[in-house]
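Knowing the structure of chain A, use the given hints to seat chain B on it.
First to last, the sequence lines map onto chains A and B. First residue of the first sequence? That's 1 in the working numbering, and the numbers climb one at a time after it. First residue of the second sequence? That's 1 in the working numbering, and the numbers climb one at a time after it.
Just so you know, not all the hints are guaranteed correct.
[Stated by the list, open to error] Label pairs and their in silico Cβ distance ranges: (1) Leu174/B x Leu25/A: 31 to 37 Å; (2) Gly55/A x Gln2/B: 46 to 52 Å; (3) Gly39/A x Glu158/B: 28 to 34 Å; (4) Gly55/A x Ala37/B: 31 to 37 Å.
[Unchecked claim] Derived DSBU-like pairs: lysine-lysine, alpha-carbon spacing no greater than 35 Å straight-line: (5) Lys64/A x Lys77/B; (6) Lys64/A x Lys70/B; (7) Lys19/A x Lys2/A.
For the record, the hints were derived by calculation from the structure and aren't laboratory data. Here a beta-carbon is modelled for each residue, glycine too, at the ideal position from N, C-alpha and C.
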Amino acid sequence: MKATIRITLKNGVLDPQGKAIQNALGSLGFDGIENVRQGKLIELHLAQSDPEKAGAEITEMCEKLLANTVIENYSFELDEQG
Amino acid sequence: MQASVIVFPGSNCDRDVAVAIKNITGRMPEMVWHGDAEVSKTDIIILPGGFSYGDYLRSGAMAAHSPIMKDIIAKAKHGTPVLGICNGFQILTETGLLPGLLMPNASLKFICRNVNLRVERTDTIFTNRYEHRGVITIPIANHDGNYFADDDTLAELEDNDRVAFRYVGEKGELEDRHNPNGSRNNIAGIYNKRGNILGLMPHPERLVEQILGGCDGRLMFESLLEALH
Numbered sequence: 001m002k003a004t005i006r007i008t009l010k011n012g013v014l015d016p017q018g019k020a021i022q023n024a025l026g027s028l029g030f031d032g033i034e035n036v037r038q039g040k041l042i043e044l045h046l047a048q049s050d051p052e053k054a055g056a057e058i059t060e061m062c063e064k065l066l067a068n069t070v071i072e073n074y075s076f077e078l079d080e081q082g
Numbered sequence: 001m002q003a004s005v006i007v008f009p010g011s012n013c014d015r016d017v018a019v020a021i022k023n024i025t026g027r028m029p030e031m032v033w034h035g036d037a038e039v040s041k042t043d044i045i046i047l048p049g050g051f052s053y054g055d056y057l058r059s060g061a062m063a064a065h066s067p068i069m070k071d072i073i074a075k076a077k078h079g080t081p082v083l084g085i086c087n088g089f090q091i092l093t094e095t096g097l098l099p100g101l102l103m104p105n106a107s108l109k110f111i112c113r114n115v116n117l118r119v120e121r122t123d124t125i126f127t128n129r130y131e132h133r134g135v136i137t138i139p140i141a142n143h144d145g146n147y148f149a150d151d152d153t154l155a156e157l158e159d160n161d162r163v164a165f166r167y168v169g170e171k172g173e174l175e176d177r178h179n180p181n182g183s184r185n186n187i188a189g190i191y192n193k194r195g196n197i198l199g200l201m202p203h204p205e206r207l208v209e210q211i212l213g214g215c216d217g218r219l220m221f222e223s224l225l226e227a228l229h
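Extracted from the complex, chain B is given alone in its bound form:
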């Protein structure tokens, strides 16, 4: 699996995700500068976490118009897998590749801690190694993680099984008190209609070795390796 990690000014999880992928797949991803015109042939494009352009105007708003994004949008529409983590998710919503957007957390606080997530689907390239409806622990680290979409969009996501992960309790309880940031329907991540694009606020690349506190994030990269070889 050859991955490409896009580097924006202000990305700060680009190396973490590159190291995670290298250790799991044995191949170092290509690091692609946002000012480039094209991503060379790749099996998956990763938009990493960080604070591209200092979150000016809105999180991800500037990066969505970086030169490289034209090519990424075209490739994504043709089916190239795209994974957007945290700021990457924000960028994907700003490009319109994923619906809705990420608003400031309801508490107005930066939240950096582990959360429990329920894996809503395991029939995707991103999650085939997880247990269906299993609960996993992955950290979040953001100020704007509050997923918002209007009622119609939300219904469309729910009816078409496009929610990837939800914030839940330890045993999978879907309750408001386990929602860290006010996200509608406790949504932590969503897919596009075709299922080749995933955006999520939690950081799977931060939990890929026991020494980091757990391996629940590792399974996402193992899933991708399984699907994309």
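For reference, chain A alone in the conformation it holds in the complex:
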């Protein structure tokens, strides 16, 4: 089973990298960008075939290592065919 995990900065946490990307896009002529936030995408392949158990495992992975919940939110999708 494939898990796709999205890690994003919480609202209100400054994102200097997002700002730098926004400025760079502006200098390339892409006008009208109101905000850029940069995050992480992690793909995992699990031996687990039960989606409920896989979901619980991924949640624990996010809480313990993959995200730092002081500043980051996480969400994930499971693809049983993946």
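For chain B alone, kept in the frame of chain A given last:
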């Protein structure tokens, strides 16, 4: 004072801090590999600066789960003094021993220069030799030194006098322009509630002899020697 310096893959200030401690206390610290299960009896545990695991995922995130950390967390909770310098501070926040975390510098640049710090407390084992609210000069060298904590955590730190050092001007002016990296409330270092754990971004071990440009870092190790003998 018997110190233990933890060595992670990617630590690069472990020898500097060991030499500083040896010269000041007369005893060579024990160097402990991160893969070991236990730190043997010690008066203080030092998590040195560097780039453990290449800062993968987040600075300090991998090292926080190194085998040795279980024992360090247990010892720290029982009161063993722990000093985390730079990457060591990042590791301490990732383990949850200290609140908040260190984000990329607001400028997105690696900053390597001396900064002025105000010593906020002198009643701790780490700072008893400093002058209260005195201004000292210590270098920083990091990319992720931007201290962040949410409003409630920040209020808790401030209300309980847990800020150890703040970035200030030469005369102790607490102003935004003296904040090198965007840290909230100009915070350069913090204590845990009990006061046995200190995490700070500046490198005291780099200014311990006049030939290195100053001795302001030396007083931290002299303070520890005074408190721990």
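Verification of the hints:
Our hint of 31 to 37 Å for Leu174/B and Leu25/A holds, since their Cβ atoms are close to 36 Å apart. Checking the proposed 46 to 52 Å range against Gly55/A and Gln2/B shows it holds: the Cβ atoms sit about 47 Å from each other. Evaluation of the 28 to 34 Å hint for Gly39/A and Glu158/B yields a pass: the beta carbon distance comes to about 30 Å. Taking the beta carbon of each, Gly55/A and Ala37/B are about 32 Å apart, inside 31 to 37 Å as hinted.
Distance check on the hinted pair: Lys64/A and Lys77/B sit about 19 Å apart at the alpha-carbon level, within 35 Å; holds. A distance of roughly 14 Å separates the Cα atoms of Lys64/A and Lys70/B; the hinted pair therefore holds under the 35 Å criterion. Restraint check for Lys19/A and Lys2/A: satisfied, since their Cα atoms lie roughly 32 Å apart, inside the 35 Å limit.
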